[in-house]
Amino acid sequence: MNPDSNPWNELDALILETLKEKPERELPLTFTDTLLRKVERQLTWRELVREFAVKTGIVTGTLLVLILCLILPVRETTNPFLLLLADHWKIVSGVIFLILFTFFSDQVLLKFYTKQRLLDTRS
Amino acid sequence: MDDATLIAQVQAGKEHANRYLIERYKNLVWHMVLRMVSQPEDAEDLCQEIFLRIFRDIGKFRGESKLSTWIGAIAYHMSISYLRKKGKEILVPVEDYFPVAGTRPVVESAEAALDKSSMKKLIHRIIDSLPVHYRTVITLFYLEELSYREIGEITGMPDGTIKSYLNRGRQAIREQLVQLVPDLLPVLAEKQ
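Which chain is which? The protein sequence lines are A and L, in order. Under our numbering, residues 1 to 123 are what the first sequence spells out, in order. Under our numbering, residues 1 to 192 are what the second sequence spells out, in order.
FYI, nobody ran anything at the bench for these hints, they're computed from the structure. Among the hints, erroneous ones may be present.
The list that follows gives simulated cross-link-like pairs (lysine to aspartate or glutamate, DMTMM-like), each with its CA atoms no further than 20 Å apart [what the hints assert, rightly or not]:
(1) A:LYS22 <-> L:ASP42
(2) A:LYS22 <-> L:GLU145
(3) L:LYS85 <-> L:GLU23
(4) L:LYS163 <-> L:GLU145
(5) L:LYS120 <-> A:GLU40
(6) A:LYS115 <-> A:GLU40
(7) A:LYS38 <-> L:GLU41
(8) L:LYS86 <-> L:ASP45
(9) L:LYS120 <-> A:ASP87
(10) L:LYS121 <-> A:GLU10
(11) A:LYS38 <-> L:ASP45
(12) L:LYS85 <-> L:GLU144
(13) L:LYS163 <-> A:GLU17
(14) L:LYS26 <-> L:GLU144
(15) A:LYS20 <-> L:ASP115
(16) L:LYS121 <-> A:GLU40
(17) L:LYS66 <-> A:GLU17
(18) A:LYS22 <-> L:GLU144
(19) L:LYS85 <-> L:GLU44
(20) L:LYS85 <-> L:ASP42
(21) L:LYS163 <-> L:GLU153
(22) L:LYS66 <-> L:GLU23
(23) L:LYS60 <-> L:ASP2
(24) A:LYS22 <-> L:ASP2
(25) A:LYS22 <-> L:ASP128
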């Protein structure tokens with residue numbers, strides 16, 4: 001045994017070497033591709049929803065301006081069409097909801113799943 | 001490719017830039033998350049969530065720090081949130097951590113001390129048993145070779161705390177190793 005030897009030095013060197021080692025377990029090879037597909041899906045969805053929001057906003061905004069122009073000049077309207085709408089507001093709301101849902105399905109859901117199918121076929 | 005170009009291309013939706021970003025930083029995120037979470041399956045899912053967050057929030061990156069430390073900070077905070085959700089203890093003050101005798105995971109023989117690979121396995125097990133902040137700081141400093149400043153930007157810890165975690169972490173590994181393998185030092189001395 002070497003009288004000058006210090007076992008702590010060897011122990012510290014071993015600890016240091018181990019601390020600098022990469023873990024045995026690595027990410028699977030498919031990690032990047034799987035993640036890229038998810039990112040693509042997320043981006044597509046966000047883009048479609050944004051487009052839908054913009055289109056809906058434009059249509060709703062225009063309609064609101066029109067309605068305000070019709071209602072504001074006369075507080076108590078005698079227009080039979082507006083009275084009919086006001087009397088059946090529940091049905092009107094239902095119809096608007098249905099139109100929005102159909103529009104959403106056509107512009108977002110359908111486009112999204114079509115794009116996904118295309119991407120899946122490509123990969 | 002520098003950080004600014006990479007970010008611009010990612011924001012423009014270029015697939016090769018997305019791939020490059022993942023390839024460049026996946027090891028940093030994986031090493032941090034694996035050491036913090038300790039469960040490989042959970043760590044993999046968390047890594048995916050972290051990258052999805054990075055792609056979502058990349059527009060918020062102002063370039064005040066390096067992209068690597070910004071990504072590291074997201075990985076760090078999301079891992080801490082994950083551990084909190086799982087109800088795991090996060091904050092163990094530097095002064096409060098001492099290796100506890102009697103909770104030994106394994107008692108190795110002195111002969112094993114001569115086998116480098118089994119010693120390394122044992123050291124890894126000891127690292128895994130350290131509190132989460134020790135594991136994180138040790139990983140960032142030794143494995144990722146980041147500076148104190150960069151570790152501070154990621155974890156929000158001051159330099160002094162980082163140094164304390166590193167010193168005490170090393171000390172704890174040493175002490176536990178000697179506790180687990182009582183004949184280790186004589187065997188190493190003999191070897192020399």
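Here is how each hint holds up against the structure:
1. A:LYS22 <-> L:ASP42: holds, 19 Å
2. A:LYS22 <-> L:GLU145: holds, 12 Å
3. L:LYS85 <-> L:GLU23: The given pair, whose Cα atoms are some 28 Å apart, is violated under the 20 Å limit.
4. L:LYS163 <-> L:GLU145: holds, 14 Å
5. L:LYS120 <-> A:GLU40: violated, 41 Å
6. A:LYS115 <-> A:GLU40: holds, 10 Å
7. A:LYS38 <-> L:GLU41: holds, 18 Å
8. L:LYS86 <-> L:ASP45: Satisfied, since the Cα-Cα distance of roughly 14 Å is no more than 20 Å.
9. L:LYS120 <-> A:ASP87: violated, 80 Å
10. L:LYS121 <-> A:GLU10: holds, 16 Å
11. A:LYS38 <-> L:ASP45: holds, 12 Å
12. L:LYS85 <-> L:GLU144: violated, 27 Å
13. L:LYS163 <-> A:GLU17: Answer holds: LYS163 (chain L) to GLU17 (chain A) is near 19 Å, not above 20 Å.
14. L:LYS26 <-> L:GLU144: Holds, because 12 Å separates the two Cα atoms, which is no more than 20 Å.
15. A:LYS20 <-> L:ASP115: holds, 18 Å
16. L:LYS121 <-> A:GLU40: violated, 39 Å
17. L:LYS66 <-> A:GLU17: violated, 27 Å
18. A:LYS22 <-> L:GLU144: holds, 9 Å
19. L:LYS85 <-> L:GLU44: holds, 17 Å
20. L:LYS85 <-> L:ASP42: holds, 13 Å
21. L:LYS163 <-> L:GLU153: It holds: about 14 Å lies between the C-alpha atoms, which stays within 20 Å.
22. L:LYS66 <-> L:GLU23: Holds, at roughly 17 Å.
23. L:LYS60 <-> L:ASP2: Cα-Cα ~17 Å, so holds.
24. A:LYS22 <-> L:ASP2: violated, 25 Å
25. A:LYS22 <-> L:ASP128: holds, 14 Å
Checked against the numbered hints given earlier, the structure breaks hints 3, 5, 9, 12, 16, 17 and 24 and satisfies all the rest.
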